[in-house]
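Novice: As a plain string of letters, each chain reads:
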Amino acid sequence: MSRNRRYPDEIAGPFESPPVTFEDRDGREIEIRAHDGSDEEYEALASMYDAFDPADRAQGIPPSEERRIREWLDNILCVECLNVVAWDGDTAAGHATLVPDGDAYELAIFVLQAYQEAGIGTHLMKGLLGYGAESGVEKVWLTVERWNKAAVGLYKKIGFEVSDSESFEMEMGIRLSDGSDEGG
Amino acid sequence: MRILLGIGGADDSLQALARTVERAVEAGDELTVAIIDEGGTERSVEEIESAVTETLEENGVDAEIRYVAGDPGSKLVDVAESEGYDRIVLGGGTTSPMGKIQLGSTAEFVLLNSHVSVTLVR
Numbered sequence: 001m002s003r004n005r006r007y008p009d010e011i012a013g014p015f016e017s018p019p020v021t022f023e024d025r026d027g028r029e030i031e032i033r034a035h036d037g038s039d040e041e042y043e044a045l046a047s048m049y050d051a052f053d054p055a056d057r058a059q060g061i062p063p064s065e066e067r068r069i070r071e072w073l074d075n076i077l078c079v080e081c082l083n084v085v086a087w088d089g090d091t092a093a094g095h096a097t098l099v100p101d102g103d104a105y106e107l108a109i110f111v112l113q114a115y116q117e118a119g120i121g122t123h124l125m126k127g128l129l130g131y132g133a134e135s136g137v138e139k140v141w142l143t144v145e146r147w148n149k150a151a152v153g154l155y156k157k158i159g160f161e162v163s164d165s166e167s168f169e170m171e172m173g174i175r176l177s178d179g180s181d182e183g184g
Numbered sequence: 185m186r187i188l189l190g191i192g193g194a195d196d197s198l199q200a201l202a203r204t205v206e207r208a209v210e211a212g213d214e215l216t217v218a219i220i221d222e223g224g225t226e227r228s229v230e231e232i233e234s235a236v237t238e239t240l241e242e243n244g245v246d247a248e249i250r251y252v253a254g255d256p257g258s259k260l261v262d263v264a265e266s267e268g269y270d271r272i273v274l275g276g277g278t279t280s281p282m283g284k285i286q287l288g289s290t291a292e293f294v295l296l297n298s299h300v301s302v303t304l305v306r
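Chains A and B supply the protein sequences, listed in that same order. When the first sequence is numbered by the numbering used here, its final residue is 184 and no position is left out of the sequence of numbers. When the second sequence is numbered by the numbering used here, its final residue is 306 and no position is left out of the sequence of numbers.
Just so you know, the hints here were simulated from the structure itself, not pulled from any lab data. Computed from a predicted structure; not experimentally measured. Watch out, some of these pointers could steer you wrong.
Unchecked claim - Dumping the calculated EDC-like pairs for lysine to aspartate or glutamate here, alpha-carbon to alpha-carbon at most 16 Å:
1) B/LYS284 with A/GLU29
2) B/LYS259 with B/GLU226
3) B/LYS284 with A/ASP36
What the hints assert, rightly or not - Computed far set for chain A versus chain B, every beta-carbon distance over 12 Å:
4) ASP39
5) ARG57
6) PRO100
7) GLU166
Claimed, not checked - Partial selection, computed: residues in chain A whose CB lies under 7 Å from chain B:
8) ASP103
9) ALA104
10) GLU106
Here a beta-carbon is modelled for each residue, glycine too, at the ideal position from N, C-alpha and C.
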């Protein structure tokens with residue numbers, strides 16, 4: 001069910017597209033890369049979500065059981081979907097995704113508990129939006145629990161604006177281009 | 185139990201319908217189906233009604249069918265409380281393209297305001 005969503009008039013960014021390497025606040029070297037579609041990366045993501053603390057679930061995702069995790073991953077790693085992963089060596093430490101929704105994309109981001117509060121979320125978001133802008137994405141929306149101050153703060157810092165605050169969860173949107181400029 | 189099932193035109197409502205009717209057969213619940221016109225959903229009121237009659241007939245369940253006009257959430261709560269229902273049953277929400285569960289405004293209102301127990305069917 002798609003409905004009219006509101007987006008800021010102003011274009012956010014620019015955001016640097018992946019790959020991006022940085023040292024996180026715990027001294028780990030983290031690389032943000034676009035998902036390459038390989039089985040190895042898929043399995044690394046499945047392991048990350050298998051280890052994911054259910055306390056950090058948002059509106060039912062990620063699911064908690066292996067079969068459901070794989071069904072969900074198949075859905076969000078679709079051909080038209082855009083995915084970036086934060087790597088600590090071969091370990092997937094975080095993952096952010098854009099799933100097509102009409103003329104816009106829905107965004108979600110997850111950082112494994114052991115890697116939280118180390119600045120990885122910010123880099124992942126910027127990497128995903130850079131990848132999105134580069135791929136021609138114009139508008140992105142997300143929902144977040146209103147009590148999740150850390151997440152709301154991160155989204156606002158990146159350039160998201162609240163578009164609907166009447167439901168249990170709050171909706172936010174960002175504009176990456178005005179659609180008039182193809183590529184560039 | 186006396187059950188008030190509120191259904192609209194989204195997929196979660198049809199799932200709630202199927203499960204609630206099956207459960208009514210097993211448990212001998214007395215069922216009332218309240219059809220909600222939420223507007224902007226995939227199915228019209230007529231389509232919902234034919235799904236309801238079909239499911240009831242298939243399962244051999246005799247249930248009253250009503251139509252809820254006006255604000256559906258407050259109307260459901262009012263009917264359940266004033267007419268002595270034991271439980272309100274609603275669909276458990278739709279999912280976003282990402283797979284996130286999203287509750288409709290009717291479910292949100294009922295959950296926060298009903299003094300009668302509420303079941304969301306997942």
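Novice: Check each numbered hint against the structure and report the violated ones by number, ascending.
Specialist: Hint check: 1, 2, 3, 5, 6, 7, 8 and 9 fail, others pass.
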